[in-house]
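Engineer: From first to last, the protein sequence lines are chains D and E. Quick note on the working numbering: the first sequence kicks off at 432 and runs consecutively. Quick note on the working numbering: the second sequence kicks off at -16 and runs consecutively.
By construction, these hints were calculated from the structure, which means they are not laboratory data. These numbers were taken from a predicted model, which means no experiment stands behind them. Be careful, since some hints might not be right.
To be verified - Restricting the straight-line Cα-Cα distance to at most 27 Å, the calculated cross-link-like pairs of lysine-lysine (DSS-like) are:
{"#": "1", "chain 1": "D", "residue 1": "K467", "chain 2": "E", "residue 2": "K421"}
{"#": "2", "chain 1": "E", "residue 1": "K326", "chain 2": "D", "residue 2": "K457"}
{"#": "3", "chain 1": "D", "residue 1": "K493", "chain 2": "E", "residue 2": "K291"}
{"#": "4", "chain 1": "E", "residue 1": "K18", "chain 2": "D", "residue 2": "K503"}
{"#": "5", "chain 1": "D", "residue 1": "K493", "chain 2": "E", "residue 2": "K156"}
{"#": "6", "chain 1": "D", "residue 1": "K760", "chain 2": "D", "residue 2": "K555"}
{"#": "7", "chain 1": "E", "residue 1": "K115", "chain 2": "E", "residue 2": "K291"}
{"#": "8", "chain 1": "D", "residue 1": "K496", "chain 2": "E", "residue 2": "K268"}
{"#": "9", "chain 1": "E", "residue 1": "K421", "chain 2": "E", "residue 2": "K18"}
{"#": "10", "chain 1": "D", "residue 1": "K433", "chain 2": "E", "residue 2": "K326"}
{"#": "11", "chain 1": "E", "residue 1": "K291", "chain 2": "E", "residue 2": "K156"}
{"#": "12", "chain 1": "E", "residue 1": "K675", "chain 2": "D", "residue 2": "K496"}
Said to hold, decoys possible - Beyond 10 Å from chain E on every Cβ pair, some chain D residues (computed):
{"#": "13", "residue": "H463"}
{"#": "14", "residue": "H466"}
{"#": "15", "residue": "K503"}
The beta-carbon is built from N, C-alpha and C at its ideal position, and this holds for glycine as well.
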Amino acid sequence: MKTFAAIDVGSYELAMKIFEFSGKNKMREIDHIRHKIDLGTETYSTGKLRCDKVDELCNVLKEYKEIMQAYKVDGYRAYGTSAIREMANSAIVRGQIVQRTGIHIDVLSNSEQRFLDYKSIASKGERFNRIIEKGTVIVDIGGGSIQMSLFDKDALVSTQNLKIGVLRIQERIKSMNAAPSQTVNLIEEMVNAQISVFKKFYLKDRDIENIIVVDDYLSPWVAGRNRGTDKEGLASREEYKQFMEQLHVTNRSEFVRKAGISEEAVSLLLISAVLMNRIVDMLDAKLIWAPGVSLCDGIAYEYAEQKKMLICDHDFEKDILACAKTISKRYMGDKKRAEALEHLSLSIFDSMKKIHGLGKRERLYLQIAAILHDCGKYISLINLGECSYNIIMSTEIIGLSHAERELVADVVKFNHEDFVYYEDLSKDSSLDKDAYLVMAKLTAILKIANGLDRSHKQKFKNAKISLKDRELIFQVDSQDDITLERGLFAYRSQFFEEVYNLKPVIRQKKTF
Amino acid sequence: MGEKKKGFEHPEYYTNRELSWLLFDHRILSEARDKSIPLFERLKFLSITASNLDEFFMIRVASLKDMVNAGYTKCDIAGMTPGEQLAALDKEIHELVNLQYSTYNRSLLPLLEQNGLVVVKNHEALTEKEGKFVDQYFESNVYPVLTPMAVDSSRPFPLIRNKSLNIGALVKKKSGKGELEFATVQVPSVLSRIVPLPTEDGEKKIILLEEIIERNIHKLFLNYDIVCAHHFRIMRNADLTIEEDEAADLLKEIEKQIRKRQWGEAIRLEVENGMDKRLLKLLRKELDIEESGIYYIDGPLDLTFLMKMYGIEGFDRLKNKPYVPQQSPKLPAGCNLFEEIRKGDILLHHPYQSFTPVVDFIRQAAADPNVLAIKQTLYRVSGNSPIIAALAQAAENGKQVSVLVELKARFDEENNIIWARKLEKAGCHVIYGLVGLKTHSKITLVVRREEDGIRRYVHLGTGNYNDATAKLYTDVGLLTCREAIGEDATAVFNMLSGYSEPLHWNRLSLAPLWLKDRFLYLIGREKENALAGKEGRIIAKMNSLCDRDIIVALYEASAAGVKIDLIVRGICCLKVGIPGVSENITVRSIVGNFLEHSRIFYFANGCSEEIYCASADWMPRNLERRVEILFPVEEDELKQELMHILDVQLRDTLKAQILQPDGSYEKIDRRGKETFCAQDAFCAEAMERAEKKKEETNGRVFIPETHHE
């Protein structure tokens, strides 16, 4: 039996959950401690955190530490989200926290954070699998932004971040000094534009039946209905509409009291409700599911997965790849060619495992890079590398951290352009030396794979790749003319040789 | 619907809570007057009426006076202004006091004498020999601790302490003519008020301390002649109103308030009947008290000494045989409580069953290496509490111990502060209550790390964690390790530690946020069932019922045909038998040897009955200004046990008094009925069950111990 503490330094709440892992695949929440502290409002507007807030944060974290000690936890993870992320002096504040409490707070990029949320939903197992059989959108409502993630045939294909988090909306409404009666309309106007753009660009004619909601205000309401029945956590569109009507009646706080929601949460609940109402309408969804999970669940899930205490039946890599394919499709990438390139580069990767020493995750980067290798073409044929790089950097791929995304973008870029070495690259890149080396190795592979398919005719589709002495041999049985490939290969393989000190060689075995 | 509800709120449908409280004190007094009860038990009841009345004055009467002084004229639930209430109380209290003393003088004193205990009423009645004895007693024991005070132009009127007994005198200088001066001396509370006189024939004779002092008062004012000397006692306004937002350190503030309490406005002056007019006038003026606040007493002031009299040895035949709380058959001595609780929930019914398992629960947790944390709320603890000692021990053993000590528990603050400090010293995390709320809930959580994971053990009760009162108060407690309740208990302590409320509750309902709605829902559900043609049924047992919203809900339910039986020991503002309003409601009050204190609530809920226990009464202060917990009892066997408790109480024909439509209480007419006393029945059952268990375990076969650790 192991215990673990997950701390979420959120934009309006500092939460800690204590989990217990026992037996096979058993994860149980033991304690959930929440302290209201508004870090977001200030950070979003000024970029910094006042000293007294830092004090409060440290004091509560110190208490959390005592609670962890009481439970004798075997490990902990503390993650900061948008409020910490957008803090200009984040490193200084986090340094102070370590000094005063001994707790290290890591910052999650948006896509990492959402991926953890997503993992925690997926950890719900059977219900999750059933829900995503039909068209589904995950709406993850946070203080700073909301995340809309789209499923297509049980894989997550696209995800978008909209900066209309509840705290941010509240802040804006406050600054407008609007009458309470106008609030609902204001919120609707604010969110309408963004949601309809999302619908137009990403939804097209997909049929969305289900919405999975992850948040702190609506979820308790949804979860509170039908508790203990097999409908727990589910609300139909009609039921949701009834809820909205109740919210509109005059005595809102009376309703909130009856619904069992705390008074202080009223205004954020209202914003969440209106937001969700717009989404339900826009998508014409029929069912809302609130799995009642939070970031803490995701943190614990990830920890357990890494420690091999949990095995999930959902394939998250498939989601990441599906996402990449959706992006490629969006920018009119050549599907056939991408598949050939993917196959070829992965074959090279697999055949030289001993040499590059890279693992499963790096293989995934390469695969994504291969899928996205030509997305920049959509914008410019000349400036292909730079354009691809920019597209990847500005498109979220759920499950990839910011740094990982940059790594992939660099691989794609240098596939087309001259390689820039660390000494120069590090000037405006966040990659550290290790990541840089990975990037260089993957680039070299992608470059020759690309070279072998210069004509885009997949001549090397069935090439056998083998390693002999200091040579990497590509044996093709193809009857095709490979003059073009041969001709350009020498140039393409230069970088490969430089990185691996291996010479790639093409051998064509002609059968007459 | 709205109009109808309005109808149920009509003031005529309610009894004023203060007047209802007085009826409760009357019911206790009627026990003191009950000839079928052993004489010394009757003394005890009389003593209780007196101490109850003291507290009632200090809190309730005082706050009504405050309201009148502040010009507050809002009517209470029964439509009375504070002024009207005071006027009504005045009359009733004077009658109650008269009845107290006629009981003392006419019934109890003669009976005591018949049974060999003579109380010498006045020092004048002492024999010469006895006189010598008391004078000697005075010189060697009393004189050294007295502080006589005289008033003249250079010395102001002294502070007369709250609730203290005093002897006031008018004195005159021996030397000259001079004027009459006032002098006073407090009857020291450090000395026993009852002084036994030497006797020869086995008969016992006692005299009260104040008589001895009065007899010797001239020795205190040597240069004066004593013109007259009389006993008097005052009561002051003691309602603590702490400005919590202003008090940076609550602890210090309460310490300050305790010191201040002695200085409150005088609201009652008790004087010996026949007090010298001049002396009375002077006291009245100096204490600034109205005529209505003066009580002329025919007998000794402050009858609480009767409780001490109960302790006089040699009269066991005039007392109830002391009852020894029995072992719960589920918890044999020396058992591992955690093991037993894992087998299933355990219900304890105190004082019939011993409170020891609750103390052991904390003791075992403190010593258990697998226990990670112990959390508990403490409201009133006994002096030298074993629970406190166990908690301190747990902290010293390195466990995380969090204790919420409620400093605002009335009259117990001094005690609580001492314990709180002691716990802090031992390394416990002590929370000194919550701003604006009293924490009245009784809950203990033990978190234990076991092989198959973390398990939470919870004790929930209706009574305080006080091993002394647990022998006198009837309460129920539940020991459980149900996960749903464990989760809720964790959430309760998180809330008490200042963290946000949980996203949802599994089983518990908490005041002040959710409990009232929960009760209203449960009552309303019975109403709906009745309206739908199903049986509606509520049985509720509590100490007091005066919340208007709850009463309205009960009236609505009754009107809809729900049959409601209430067992309310004290205040009940609900009226029975109002046509169309409360015809289906009965109210009974049980006043017995043990103080009825448990709160049990039964709801038929169609065919799936639900039964709950709580720390809360149906009073606004419980539901709105306190942290209270309502918990369901879910195991069938235990539900039946609770049902049995309610049932036995409803069957009582001896101690139960039934509320009549005219607002009075009457004992049950037993003609043709069997005499049945619920408390006695519980005692008998508990003994029988414990005995049976003993027989089962103490077979004739020796059981060799096979394993030693």
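Engineer: Of the numbered hints stated previously, which ones are contradicted by the structure, given in increasing order?
Structural biologist: Violated hints: 3, 4, 5, 6, 8, 9, 11, 12, 13, 14, 15; rest satisfied.
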